[in-house]
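Student: Produce the entire structure from the sequences given, and follow the hints as far as they go.
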Amino acid sequence: MADVDSGKEAGWRKYDEYFVEVDPDQDDKSKEIKLMSFKRPHMRAFHCAWWCFFIAFFIWFSAAPLLSEIKDDLGLTKQEIWNSSIAGVASTIVMRFINGPMCDKYGPRIMMSTILLIACVPTALTGVVESATDLLIIRMFIGIGGSSFVMCQYWTSRMFTKEVVGTANALAGGWGNLGGGVTQLVVGSALFPLFKSIYSDDENCKDSIHDDLKCASEKSWRTVCITPAVVTAISALSILKTSDDAPKGNFYEMKMNGAMPAISAASSFRDGAYNINTWILFF
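Its first residue numbered 2, the sequence shown is counted upward by one per residue in the working numbering.
Some hints could be false.
In silico EDC-like links for lysine to aspartate or glutamate, alpha-carbon gap of 16 Å or less [stated by the list, open to error]: (1) K15 x D28; (2) K215 x D73; (3) K35 x E22.
Just so you know, these hints were derived from the structure itself, not from any lab. No experiment lies behind these values; they were computed from the predicted model shown.
Tutor: Below is the structure:
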């Protein structure tokens with residue numbers, strides 16, 4: 002437990018004490034990473050950041066192990082499947098440009114929750130797909146979840162000092178990226194076979210062995226994505242009440258108490274666009 006009194010006027014802060022060693026000269030950011038701690042604000046934010054990024058990648062790739070089934074049931078071509086994949090990546094790219102300035106204005110907590118709630122809806126609606134156009138639109142909106150990478154990195158950058166922020170970002174980003182691989186195992190190798198087994202006993206899928214398997218398979222891919230969508234929604238709502246935007250509190254609290262100036266998302270985007278470092282990293 003660390004005392005936050007540095008011997009000078011620090012202004013408003015939400016917490017009187019921290020459970021990590023902090024640097025008052027860097028807005029009370031943590032100088033250490035305690036992976037086994039879930040204490041607010043620093044380590045709670047760290048774990049919320051990587052978990053939300055993980056679950057976002059999980060739903061982003063949740064349709065991937067089902068594409069062969071979707072392709073066969075709907076009679077889609079390889080090009081149509083590729084087009085849906087391209088749409089899912091394109092929406093992510095666009096939203097990443099938008100999320101940065103929005104984080105500056107509203108904070109990573111609200112933006113992370115918002116993006117997850119938006120992305121979980123089309124994930125749950127994967128089962129309503131009836132055509133190539135439907136699949137493209139659904140995957141495009143699911144792809145919005147991939148932009149959560151911005152909030153993940155922004156969040157950890159707000160919580161840790163420059164001496165350890167690289168490690169914090171790498172851990173949160175790396176663990177979050179695992180979601181894309183884990184969904185292949187969970188959805189493709191566990192949930193889909195489980196749902197298929199359940200539906201194979203459905204009385205509506207009993208006409209013949211061939212029809213039984215086809216019916217069970219189609220019902221499975223049309224409903225299996227509801228499970229990760231529900232987990233995502235629960236995660237998105239939970240972080241609103243159980244985490245903080247920054248060491249000193251949430252952005253709206255800091256602004257209300259004069260600990261943080263009001264920021265324009267448009268001005269933040271413009272400043273970033275005019276910064277030469279942005280374009281060096283871009284290329």
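Student: Evaluate each hint against the coordinates.
Tutor: How the hints compare with the structure:
no.	hint	result
1	K15 x D28	holds (12 Å)
2	K215 x D73	holds (10 Å)
3	K35 x E22	holds (10 Å)
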